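Chain by chain, the residues:
2 protein chains.
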Amino acid sequence: MAKRSFKEDILEAGLRVMLRKGYAAASVRDVVAEAGVPQGSFTNHFRSKEAFSRDVLDLYFQHVRDLVSLALDDESLKPRQRLQRYLHIITGRLESDDFKRGCLIGDFSLEAAPVSEMLRARLSEIFLEWRDRFADCIREAQSSGEIDATFTPEDLADFLLSSWEGAIMRMKVERSSVALERFQKIAFATVFKGCT
Amino acid sequence: MAKRSFKEDILEAGLRVMLRKGYAAASVRDVVAEAGVPQGSFTNHFRSKEAFSRDVLDLYFQHVRDLVSLALDDESLKPRQRLQRYLHIITGRLESDDFKRGCLIGDFSLEAAPVSEMLRARLSEIFLEWRDRFADCIREAQSSGEIDATFTPEDLADFLLSSWEGAIMRMKVERSSVALERFQKIAFATVFKGCT
Numbered sequence: 153m154a155k156r157s158f159k160e161d162i163l164e165a166g167l168r169v170m171l172r173k174g175y176a177a178a179s180v181r182d183v184v185a186e187a188g189v190p191q192g193s194f195t196n197h198f199r200s201k202e203a204f205s206r207d208v209l210d211l212y213f214q215h216v217r218d219l220v221s222l223a224l225d226d227e228s229l230k231p232r233q234r235l236q237r238y239l240h241i242i243t244g245r246l247e248s249d250d251f252k253r254g255c256l257i258g259d260f261s262l263e264a265a266p267v268s269e270m271l272r273a274r275l276s277e278i279f280l281e282w283r284d285r286f287a288d289c290i291r292e293a294q295s296s297g298e299i300d301a302t303f304t305p306e307d308l309a310d311f312l313l314s315s316w317e318g319a320i321m322r323m324k325v326e327r328s329s330v331a332l333e334r335f336q337k338i339a340f341a342t343v344f345k346g347c348t
Numbered sequence: 153m154a155k156r157s158f159k160e161d162i163l164e165a166g167l168r169v170m171l172r173k174g175y176a177a178a179s180v181r182d183v184v185a186e187a188g189v190p191q192g193s194f195t196n197h198f199r200s201k202e203a204f205s206r207d208v209l210d211l212y213f214q215h216v217r218d219l220v221s222l223a224l225d226d227e228s229l230k231p232r233q234r235l236q237r238y239l240h241i242i243t244g245r246l247e248s249d250d251f252k253r254g255c256l257i258g259d260f261s262l263e264a265a266p267v268s269e270m271l272r273a274r275l276s277e278i279f280l281e282w283r284d285r286f287a288d289c290i291r292e293a294q295s296s297g298e299i300d301a302t303f304t305p306e307d308l309a310d311f312l313l314s315s316w317e318g319a320i321m322r323m324k325v326e327r328s329s330v331a332l333e334r335f336q337k338i339a340f341a342t343v344f345k346g347c348t
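Residue numbers (this note's numbering), protein chains in the order written: chain P, 153 to 348; chain Y, 153 to 348.
Chain P with its partners taken away, still in its complex shape (with noise of 0.2 Å):
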């Protein structure tokens, strides 16, 4: 019971570290010391920083799936108008680290991508995932004519999730919500305006 609540401990600090961090900086000792918990602990869960990394990215996504549930399953609202939701949720999130945090799934995409060939696997499933739950979204809003259906719903889902991670990025350096904003601006007015 103790041993099961010490990994969950763990995972949360790495999520903390490596969104602090990155990944090639994040050491084991950083993630214990951020713990509370002996270096033991560590290798008693985790058989490697790479194994503990995937971890700490499915905790990540799991709370990425949460708010995308929170925007994309809420009925009271549009198809399009929950696409808004979700990048108005994510920017509320962003500010309140003080546009100094970005998304995991990103910055592992930039570092760890190249040099892991397990988390580039991963991060290509989860960009996968995402994506198909964007995509059904956009294709009811494509029904309705709510958004032009020139291109596909999966196309329009990767181009949407693509550019705002280079939002974040961007968001990174200014440390502002001006990228996030202008991105949201721009997107809705063009690339997800409706047929009229």
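Hints were generated in silico from the structure; no laboratory data involved. None of these values were measured; they are calculated from a predicted model. There's no promise every hint is true.
Same chains, same label: a pair holds when it works inside one copy or across any pair of copies.
Each computed SDA-like pair below joins lysine to any residue, with the alpha-carbon atoms no more than 25 Å apart [what the hints assert, rightly or not]:
| # | residue 1 | residue 2 |
| --- | --- | --- |
| 1 | Lys337 | Val267 |
| 2 | Lys345 | Val220 |
| 3 | Lys173 | Pro231 |
| 4 | Lys173 | Ile278 |
| 5 | Lys345 | Leu280 |
| 6 | Lys252 | Asp307 |
| 7 | Lys173 | Gly188 |
| 8 | Lys337 | Ser276 |
| 9 | Lys345 | Leu313 |
| 10 | Lys252 | Gly192 |
| 11 | Lys337 | Ser200 |
| 12 | Lys230 | Glu202 |
| 13 | Lys159 | Thr304 |
| 14 | Lys173 | Met270 |
| 15 | Lys337 | Arg327 |
| 16 | Lys201 | Glu326 |
| 17 | Lys252 | Glu269 |
| 18 | Lys337 | Phe303 |
| 19 | Lys252 | Val330 |
| 20 | Lys345 | Asp225 |
| 21 | Lys230 | Leu171 |
| 22 | Lys345 | Gly188 |
| 23 | Lys252 | Met270 |
| 24 | Lys201 | Asp182 |
| 25 | Lys159 | Gln191 |
| 26 | Lys252 | Ser200 |
| 27 | Lys173 | Lys230 |
| 28 | Lys173 | Val267 |
| 29 | Lys201 | Val180 |
| 30 | Lys252 | Glu306 |
Based on the hints, put chain Y in the right spot on chain P.
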């Protein structure tokens, strides 16, 4: 004379290592090994890894400036075609590395900006210069009606560069040109389409 040449060798080696391993994982030892020079040569020329990394970033941006000029100064093309030409040139460069290496400006934005104020400030200046070059081209395209003028040239240029960085991020995960091509296809049919 030999000293000057060593400095350039170390910077070029640093650029290769950092594009491959990222900022945190690239050690001074890796860089001097890649350059084939003694460790002392590094400390003769650079006072810290952080200061060295700023010079590496500047060297990289000089390459980017050259590619920007190659595309945006090509007066045989219309302004809108020059933008497409730039993305096409970059796609070719990324392909020559089998889509394993991305853009050092993007890599540093996510990984170095949060831990180094010096690099964050330099990245912010770089984005501004880069953005202004594209904004000039977009302004020209807008005056001839090639690109819709609802948004300012600066906003559109920032949108283009950020979203393109997001596409490069996804490319690094998928190790293919799909995300780069999708971006070009969608962006030029929507955000960067004409007024007609």
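Which hints, by number, does the structure contradict? Numbers 1, 3, 10, 11, 12, 13, 21, 22, 27, in rising order.
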